[in-house]
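Chain B: place on chain A using the hints.
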Amino acid sequence: MSSIRQPARIESMELLVQFISDHAGKLGFSSKRVKEIELAAEEALVNIINYAYPDRQGNIKVTCVQHHAKTFIIEIEDTGIAFDILSMKDPDISAGIHDREIGGLGVFLIRKLMDEVRYHRKNGKNILKLIVHIPQPQKACA
Amino acid sequence: MEIIKSGKENNTLVIKINGRMDAVTAPEFEKKVGLWIAEGEKYFVVDLSSLEYISSAGLRSILVIAKKLKAISGKIQLAAMEESVNEVFEISGFNSIIPIHDTVQAAILQA
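Protein sequence lines correspond, in order, to chains A and B. If you read the first sequence in my numbering, its first letter stands for residue 1, the second for the next number, and so on. If you read the second sequence in my numbering, its first letter stands for residue 1001, the second for the next number, and so on.
Keep in mind that the hints were calculated from the coordinates and are not lab data. Each residue gets a CB set at the ideal place from its N, CA and C atoms; glycine is no exception. Heads up, some of the hints might be wrong.
Unchecked claim - Computed list of lysine to any residue pairs in SDA-like fashion (alpha-carbon distance at most 25 Å, straight line):
| id | chain 1 | residue 1 | chain 2 | residue 2 |
| --- | --- | --- | --- | --- |
| 1 | B | Lys1032 | A | Lys112 |
| 2 | B | Lys1032 | B | Asn1095 |
| 3 | B | Lys1075 | A | Ile93 |
| 4 | B | Lys1031 | A | Ser12 |
| 5 | A | Lys112 | B | Lys1075 |
| 6 | A | Lys32 | B | Glu1082 |
| 7 | A | Lys61 | B | Val1024 |
| 8 | B | Lys1070 | A | Gly104 |
Stated by the list, open to error - Facing chain A, according to a computed beta carbon distance under 7 Å, are these residues of chain B, among others:
| id | residue |
| --- | --- |
| 9 | Asp1022 |
| 10 | Thr1025 |
| 11 | Pro1027 |
| 12 | Tyr1043 |
| 13 | Ser1056 |
| 14 | Leu1069 |
| 15 | Ser1084 |
| 16 | Gly1093 |
| 17 | Ile1097 |
| 18 | Ile1100 |
| 19 | Gln1105 |
Only chain B is shown next, with the shape it has when bound in the complex:
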C-alpha cells in the first residue's frame, strides 16, 4: 500500500491510496493521516481509484480517523471507489457513516 498527498484545494488535503488496505498495511494509513491531523489538517478527501482491496482492518482505520476528525469538527470523505471496495463498504454499512462520492472533484465541493 502507498499513501500519497496529491494536492490541496479549498483547504482540503487530497490523498491517494494505492494497493491493498489489509491487516498488515491499514495501521500505516492511521499513522500517516494521524500525523497530518497533528500538523493541523482537518479536511481530507481520499482518492480510492487505485485501492484494489480493503478488509475490516482497513475499515477500522478509516473509522478511527473519521472519529478523530469529528472530534475537532473536521471531515474525511472518500471518492472514486472501485466496485469490489464499494461492496465491502455497502455490506458493512460504512457507506452510511462515511461520505462517499463518485469523483474527487465532487468530494472537494462538499468539503
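This is chain A alone, in the form it adopts within the complex:
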C-alpha cells in the first residue's frame, strides 16, 4: 500500500495519474487496461478538482492497494463537500451534436471502465474506490 497527497489543483493531476499508472503497470495489466485505469482516475480526480472545494484550498489523497493479488484498489480521498458521483445520472449518449451535453460523461466512463466503483462519506471525507480485477495467470491445460 502506498499513498500520495497533493493539492486539489489541475497542476497535480499528471503526478497523481502517473502514481496510479506506475502501480497498475507493475500488476500485469495490459497497456490498454492501464490506459483505461488512467482514464477513470483522471475523470475522478478532475471531478474533485473542479467541485470538491468551491471556496477553499484542499487536498486529494490517493492510495493504491493490492488485495490478495486479485484486485487493485485505487482509493481517492478528499475533505471537500459531500458528493457521491455514483448518484449522477448517465448522460444521453445517443443525443445528436446539438443536444449533446458533456456533463456526466466522465462519471459514465469511470463506471464503464472499472470493474467496481464504491463511494462512502466518513468523518467529513469523500472516499471513492475504483476497483479493478488483476489478470490471473492462465492455468495450464492437461
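Showing chain B alone in chain A's frame:
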C-alpha cells in the same frame, strides 16, 4: 500534446495531434483550432494516429469545435484513431456525432 498543421488539400486543413489529450492539454486544442476558424478555416481533418490517450475533457473540446463549425456550415472529421482512443469514442457515443475515418485520405475525400 502537440498540434501541428500537416497540410491543406481540397480546401481542408489537415492537422495532427501528438501525445495526450487530457484535462490539462485539451483547452489548448480548442484555443488553437478556434484561432484557425477565426482566420477563415471551415473544414478540418484531424489525424489522430499519434494520439495516445483521450479523456472526457478531450471529447468535450472536440465537441465544442464541432458545434462551432456546424454553426458556420463547416466540418471537423477525425482519422486514423488508435484502438484505445477509438474505444473512448465508442463508449461515449461520440463515434455517432463526429465523422471518423480509417485514413486521412478517406476523410479528405468526404470533406
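Now the hints, each set against the structure:
1. B:Lys1032 <-> A:Lys112: violated (31 Å)
2. B:Lys1032 <-> B:Asn1095: Judged against 25 Å, a Cα distance of about 23 Å means the pair holds.
3. B:Lys1075 <-> A:Ile93: With a Cα-Cα distance of about 21 Å, the restraint between B:Lys1075 and A:Ile93 holds, given a limit of 25 Å.
4. B:Lys1031 <-> A:Ser12: holds (22 Å)
5. A:Lys112 <-> B:Lys1075: violated (30 Å)
6. A:Lys32 <-> B:Glu1082: Between A:Lys32 and B:Glu1082 the Cα gap is close to 11 Å, so the pair holds against 25 Å.
7. A:Lys61 <-> B:Val1024: holds (19 Å)
8. B:Lys1070 <-> A:Gly104: holds (23 Å)
9. Asp1022: It holds, given that the least Cβ distance between B:Asp1022 and chain A is near 6 Å, below 7 Å.
10. Thr1025: violated (10 Å)
11. Pro1027: Status violated, d = 10 Å.
12. Tyr1043: violated (16 Å)
13. Ser1056: holds (4 Å)
14. Leu1069: Since the shortest Cβ distance to chain A is 10 Å, the answer is violated.
15. Ser1084: holds (5 Å)
16. Gly1093: Where the cut-off is 7 Å and the nearest Cβ of chain A is about 3 Å from B:Gly1093, the hint holds.
17. Ile1097: holds (5 Å)
18. Ile1100: At about 14 Å, which exceeds the 7 Å cut-off, the nearest Cβ of chain A leaves the hint on B:Ile1100 violated.
19. Gln1105: violated (24 Å)
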